[in-house]
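Student: As given, the protein sequences belong to chains A and B, one line each in that order.
To convert, take the position in the first sequence, counting from 1, and add 205; that gives this note's numbering.
To convert, take the position in the second sequence, counting from 1, and add 205; that gives this note's numbering.
For the record, the hints were derived by calculation from the structure and aren't laboratory data.
Possibly wrong hints are sitting among the right ones.
[As the list claims (entries may be wrong)] Listed next, with one range per pair, are the computed distances between beta-carbon atoms:
hint: 1; chain 1: B; residue 1: PRO640; chain 2: A; residue 2: ASP383; range: 30 to 36 angstroms
hint: 2; chain 1: B; residue 1: LYS635; chain 2: A; residue 2: MET632; range: 29 to 35 angstroms
hint: 3; chain 1: B; residue 1: LYS635; chain 2: A; residue 2: LYS460; range: 53 to 59 angstroms
hint: 4; chain 1: B; residue 1: GLU610; chain 2: A; residue 2: ASP383; range: 36 to 42 angstroms
hint: 5; chain 1: B; residue 1: ILE457; chain 2: A; residue 2: ASN241; range: 53 to 59 angstroms
hint: 6; chain 1: B; residue 1: GLU216; chain 2: A; residue 2: GLU246; range: 51 to 57 angstroms
hint: 7; chain 1: A; residue 1: MET632; chain 2: B; residue 2: PRO231; range: 45 to 51 angstroms
[Claimed, not checked] Keeping only pairs whose Cα atoms sit at most 25 angstroms apart, straight-line, the calculated DSS-like set for lysine-lysine is:
hint: 8; chain 1: A; residue 1: LYS451; chain 2: B; residue 2: LYS209
hint: 9; chain 1: A; residue 1: LYS456; chain 2: A; residue 2: LYS209
hint: 10; chain 1: B; residue 1: LYS332; chain 2: A; residue 2: LYS293
Just so you know, these numbers come straight off a predicted model, no measurement behind them.
For each residue, glycine too, the CB sits at the ideal point set by N, CA and C.
2 protein chains.
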Amino acid sequence: MSVKVLLNEDEIPRQWYNLAADLPTPMQPPLGPDGNPVKAEDLAPIFPMNLIEQEVSQQRWIDIPEEILQILYRWRPSPLRRAVFLEKALGTPAKIYYKDEGVSPAGSHKPNTAVPQAWYNKQFGIKSITTETGAGQWGSALAFACALMGLKCKVYMVRISFDQKPFRKMMMNVWGADCVASPSTQTQAGRDILARYPDTPGSLGIAISEAIEEAVTDKTGQTRYSLGSVLNHVLLHQTIIGLEAKKQLQKIGEKKVDVVIGCAGGGSNFAGIAFPFIADKINGADIEIYPVEPTSCPTLTRAPFTYDHGDVAKMTPLLPMHTLGHAFVSPPIHAGGLRYHGMAPLVSQAVVEGLATPKAYDQLHCYDSALLWARTEGYIPAPETSHAITAVIEEAKKAKEEGKEKVILFSWSGHGLMDLVGYANFMAGKLIDYPLPEDELRESLKSIEGLPKAPMVRSGRW
Amino acid sequence: MSVKVLLNEDEIPRQWYNLAADLPTPMQPPLGPDGNPVKAEDLAPIFPMNLIEQEVSQQRWIDIPEEILQILYRWRPSPLRRAVFLEKALGTPAKIYYKDEGVSPAGSHKPNTAVPQAWYNKQFGIKSITTETGAGQWGSALAFACALMGLKCKVYMVRISFDQKPFRKMMMNVWGADCVASPSTQTQAGRDILARYPDTPGSLGIAISEAIEEAVTDKTGQTRYSLGSVLNHVLLHQTIIGLEAKKQLQKIGEKKVDVVIGCAGGGSNFAGIAFPFIADKINGADIEIYPVEPTSCPTLTRAPFTYDHGDVAKMTPLLPMHTLGHAFVSPPIHAGGLRYHGMAPLVSQAVVEGLATPKAYDQLHCYDSALLWARTEGYIPAPETSHAITAVIEEAKKAKEEGKEKVILFSWSGHGLMDLVGYANFMAGKLIDYPLPEDELRESLKSIEGLPKAPMVRSGRW
């Protein structure tokens, strides 16, 4: 039985898919500090104009430049694999397919957008890119892309991860990037935080503030900032995952997908696999679509949809999204990529519409799933990916109970080879769960009080 | 321009290639403690009989059982990639192709033999496999294979690596294997060494002794030992690399390969890529074939061809090979897989015949090559792989000088994601070279004094 479906380079999708063109209810605009919609030129000090154009585009299909494809070919099209050995272990009639995004040089789906972002910046004449990173997946992906493009790359890495997870920093250095612990003394935002909280472990929100500050204060005008998730253009670049998956399923004659699953932190990995199938759902297809998050950071399952900042220092525009409040501090679960307080506006709106149905799982449950996966399928998943796997196993068991030969597709967002300490701690019984207590959620949500409201507008079609 | 060539599962080679059938000069037999050739039954307590049959087979092609293929399909056929960006950076007219063995679950070529070995053991009724590992590539590969096959796996890991490189141990644990530091108190061999040298960092030779002892002393008779390189059947299993490469080159119309390169520690990775091309060379093809080793462990370039033990405790039969002497203690270079005192008899005999021409490089030179690779091609190579890359770059530069459009093929034996500390130390200027001093070589070779000699028999055809 075939366990993987490959596409040749000439079969790669040549356009990205923009869900914004098809959402039944139009997206609400980002707002500036004055409460008015942000204009493209307001974003110009932060992003190059070609990416801003993608950010606000309503065009359904956007061409992928040939030069970007040439770089993506290193690992794309990525394999569509079938988890036949997990299926067998579960005794399920379900067929479990997954896109293996762990084959990229950085080991996750992140390079799918790092490469286009670096390329568009270079096209625009930019010489240097700043960014933030939590556990380091994004920072290493951007470092990789910048190395290939000959751009300077500066990564502000959340201090606790910088100290605890030195390997991602080493990867960035191998690719020639500069990686500093955040908060740092190199920015005003960093110095302010350090003055008040000298022992702070840092946060993604702080690191974003530092990276943006460095970009906008560079007097040469040749530095811009890059974000690894949340924004429309980032999600756009990731849709190549789902578009490839469609071609691959078609190639082996799978006519119908029943369930599509992806883990969701900022939302880019989920969007990548799911948006092309949400398009089908909008057009009448019967598909269940599940973004999966941790119970410790339950943005989609428990937080309101409203306007909030993307960072602690409130340097970003206000985005309409599910948010736990920008002051939210996530517990130290190992799935570092799922610890963000907000959620991509496009994903949030899809959930508001009922086009996607979020699920949340505890960390220990996810590690159980990851071990079962590794011992049947072989590959060791990232802790983020283990959240998707947990939902997959649940669906496969349900299919067994119902006696249905369902087709389940999910995004294997990355491998866990840089996350083995989490596995070791789990196996040693040292990990715990952190379901978010109701009072902590209420406390955290105070940080959005007084901000403009984004009404929950839904078409009512789902 | 296409940067990778894929094969579908139904295009996988269905037989392994056995070079022993074609070597112009027959191999000299392994010898037992009495100096007489070892008989198959002497090996029966150590290996299952089906693998012993492969070990002594003179059959040119050996069928790969379908069940093994089903497991190999997880990552095989592996991609044949073209390093177009490195070519461009070097300005070379050479075309550089490489087999990417980093795509396996364990991240190297090792699972190519771990899976068949586990499978044949299981077929033979074995329940438990013991082995040794240095830096952990082999131990993790066997742990992976045993997890899939439902076999117990016990790995003796050289203590210094066990302490310094905990991640490979964690990988083994994820796959359910038991990994202990060697020398341990669990075997007589280990206890003896610890009594004499309580602070020893351990060595591969000691770990082999421990693993063999545990296998042969298991009273249930259901435990066997497994080796990750050196032996004929191990090299046999790796030939799938080169056989796939041939099909892939054929697929894109490359009619002639000029240079084939692989790094060589015990010899299995080199054999995997090179043996199918050595067959062509025997049949008259004009191909340069280079095994590459470190100057700190110059087995092929500076050591004699003679009989020696594979381990320190002299538990293994005597093998005819290039050897630095079983008492050799390699300097602490980061390419842990290239620190073995001996070399596979098949590779050694091929070198004796002139069918392969060894090269050796210093560690720092190899790290320079690795960084150039990572910053042009993206993927981060293992330190072992960087030795092959160094030879590739040298050949590509030579092709430039000569103005020749050479086709260079090499085996990218694995990724370096578990070896980032070596990169960090290199970039921090903390690494040094260890070219083996002549007097140390002489001292080390004393351990083979008094052992039977294996004459340098060559056909004289090359």
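Student: Next step is simple, just say for each hint if it's right about the structure.
Tutor: To see whether the hints hold, each was checked on the structure:
1. PRO640(B) <-> ASP383(A): 30 to 36 angstroms: At roughly 34 angstroms between Cβ atoms, ASP383(A) and PRO640(B) fall inside 30 to 36 angstroms, so the hint holds.
2. LYS635(B) <-> MET632(A): 29 to 35 angstroms: 32 angstroms, holds
3. LYS635(B) <-> LYS460(A): 53 to 59 angstroms: 58 angstroms, holds
4. GLU610(B) <-> ASP383(A): 36 to 42 angstroms: Roughly 39 angstroms apart at Cβ, these two residues keep to the hinted range, so it holds.
5. ILE457(B) <-> ASN241(A): 53 to 59 angstroms: This hint holds: roughly 56 angstroms between Cβ atoms.
6. GLU216(B) <-> GLU246(A): 51 to 57 angstroms: 54 angstroms, holds
7. MET632(A) <-> PRO231(B): 45 to 51 angstroms: With a Cβ separation near 49 angstroms, MET632(A) and PRO231(B) satisfy 45 to 51 angstroms, so the hint holds.
8. LYS451(A) <-> LYS209(B): Answer holds: LYS451(A) to LYS209(B) is near 21 angstroms, not above 25 angstroms.
9. LYS456(A) <-> LYS209(A): 11 angstroms, holds
10. LYS332(B) <-> LYS293(A): With a Cα-Cα distance of about 21 angstroms, the restraint between LYS332(B) and LYS293(A) holds, given a limit of 25 angstroms.
In this structure, every one of the numbered hints holds.
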